[in-house]
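A.B. asks: Starting from the known structure of chain A, fit chain B onto it as the hints suggest.
So the chains spell out like this:
Number of protein chains: 2
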Amino acid sequence: MLNIEEIREAQRRIAPYIVKTPLLRMPMLDERLGCQAYIKADNMQVTGAFKIRGALNAILSIPQEKLKSGVVCASSGNHGRGVSYGAKMLGIPATVVMPDTATQVKIDAIRALGAEVVSCRAEERFDVAEKISRETGAEFIPPFNDERVMAGQGTAGLEIAEQQPDLDCVVVPVSGGGLISGISTALRAAAPEMKIYGAEPARIPRYTRSLEAGKPVFVSFQKTIADALVSSIPGDKCFPVVQKNVDQVVDVSDDYVLRAMKLLLLTGKILAEPSSCIGIAAVLEGLIPVRPDEKVCFFVSGGSVGLSQLKVLEDVEA
Amino acid sequence: MLNIEEIREAQRRIAPYIVKTPLLRMPMLDERLGCQAYIKADNMQVTGAFKIRGALNAILSIPQEKLKSGVVCASSGNHGRGVSYGAKMLGIPATVVMPDTATQVKIDAIRALGAEVVSCRAEERFDVAEKISRETGAEFIPPFNDERVMAGQGTAGLEIAEQQPDLDCVVVPVSGGGLISGISTALRAAAPEMKIYGAEPARIPRYTRSLEAGKPVFVSFQKTIADALVSSIPGDKCFPVVQKNVDQVVDVSDDYVLRAMKLLLLTGKILAEPSSCIGIAAVLEGLIPVRPDEKVCFFVSGGSVGLSQLKVLEDVEA
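If you read the sequences in order, they're chains A and B. Heads up: the first sequence begins at 127 in our numbering, then just goes up one per residue. Heads up: the second sequence begins at 127 in our numbering, then just goes up one per residue.
This is chain A alone, in the form it adopts within the complex:
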């Protein structure tokens, strides 16, 4: 199982290439959220999302001679951006297999980093990526179910523990579980008293179902506004870490995700993609118990949003 030493190694490995993102006190959000609100702003990370942490740690862990054939990944956007950025940095080719539901902003961002984009149906994206890996010899970089990737994401947890050690609670967006595995492993070692919540889209409740069943359970794909959180099953390397470390995972409705995005933008002055706002949404929806005296940190995972996507917020209750 992932351990804190792997995360500390990852931090040493990727530190020269990434930034320590700010952890911000957000007093203007307190009244609406009913707690002392903080955000860990990984939407301000290099490439605009936390995914660069895990992708870089994975790529930098591969022996030099194996890298010549490049890397390939399947991604709804930010992981592909992280892999492409790492590949560009090392001067190796990258291919990113994207679901045909991905927004043009995310596709353009990956092409701008020099990677080749292959589009397919969301359900097929891992098969297509593995086929490319077999045919070209490119190293497959999994989006979450990989200890190198999980350790890389965990570096955000080390930063949280260092930047604000007196937090009562951290809320983390959940899809396959790579991010929350890494962050929870880091926090259980560095700040064992902090409560850790996961927030996933109610339309794809793979973690609540799996935690009930005691093993990874497949749920069918449903379209959700949280379009970076569309994994259908927990990673089998991630699941036991979440089972052990995380206090609760909650299922958040799309409606509240958009309300949270509007609140964070217009009141908090921070632009984040819908998936990144799901932790704030969970509190707005009343799914996570918080008190006015509690310090609650929301992990804001990415900021890949185009102006056209902001129009949908006009009809949303703030």
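Heads up, some of the hints might be wrong.
Any copy will do: because identical chains look the same in the list, a pair fits if it lies in one copy or spans two.
Derived lysine-lysine pairs resembling BS3-like cross-links, with alpha carbons at most 27 Å apart [as the list claims (entries may be wrong)]: (1) 214 to 349; (2) 388 to 214; (3) 421 to 146.
By construction, these hints were calculated from the structure, which means they are not laboratory data.
C.D. replies: Chain B alone, transformed into the frame defined by chain A:
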């Protein structure tokens, strides 16, 4: 002339009511701006703008018995919000005279704080406010040409010097000159080596004209996208401070203000109103010389923006 002791007193006076806003390193902006970019995020201040600093210091300086009749001010938005917030806090009535060009977002924000809004043509707003003051006995709180107000704004400068003492340069939005008077007085005392630039709308170049003339000069009102920077003449208390402390004031075109706003939002992930982006715009337009090794801090003065105002960014080159 305004001195550092008045600013230190203001800091003690207003500290319980405001937040120390974050000073953020913004690496994603470096390439486009050609420097190491920082922002002082006063768009995250209580009420969403720095104006609360000066308004509160002025209101808290008035003897209790004089306050019964309330306060009145003339404002294009953020100063009115600051005065209204301070008045509400002390339980006294407030009237805000607003130019008829003010956005609905700004009007609504002031009404939500319990103040009465009176609308008039921009050129008449000070006359109308002074008339109300005479008729009702309400204390007039000037937006900038007042040492209590200037001292309050200067508290942001004390914070900058404490948060990032190794900055090479600070760029401050300029209208009547209250903010840059306060910040420059604080920085000349606390960090004398920092260069200080002012940025004003090219359509209302009251400071460059006045600095050339050696005295405050009136320029005619012109509509500008930087709608919080519409003073027609430097304050006579502000002008000598700017003359003494500020390295240069530059005149920025509206086109670049919008480009800067789009860059700060989509790449920096920070929402700020157009006027607040004028410092970044000045560097984008090539008006302020910066180098890649220089640490440049942009003062982001406010964040009163509605979603409808973001539509205009769609046609702007980023």
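A.B. asks: All the hints need checking, so say for each whether the structure fits it.
C.D. replies: Do the hints match the structure? See the list:
1. 214 to 349: Neither: 31 Å inside a copy, 45 Å across copies.
2. 388 to 214: Between copies only: 26 Å across, 34 Å inside.
3. 421 to 146: both (21 Å within a copy, 17 Å between copies)
Of the hints listed earlier, the one the structure fails to meet is number 1.
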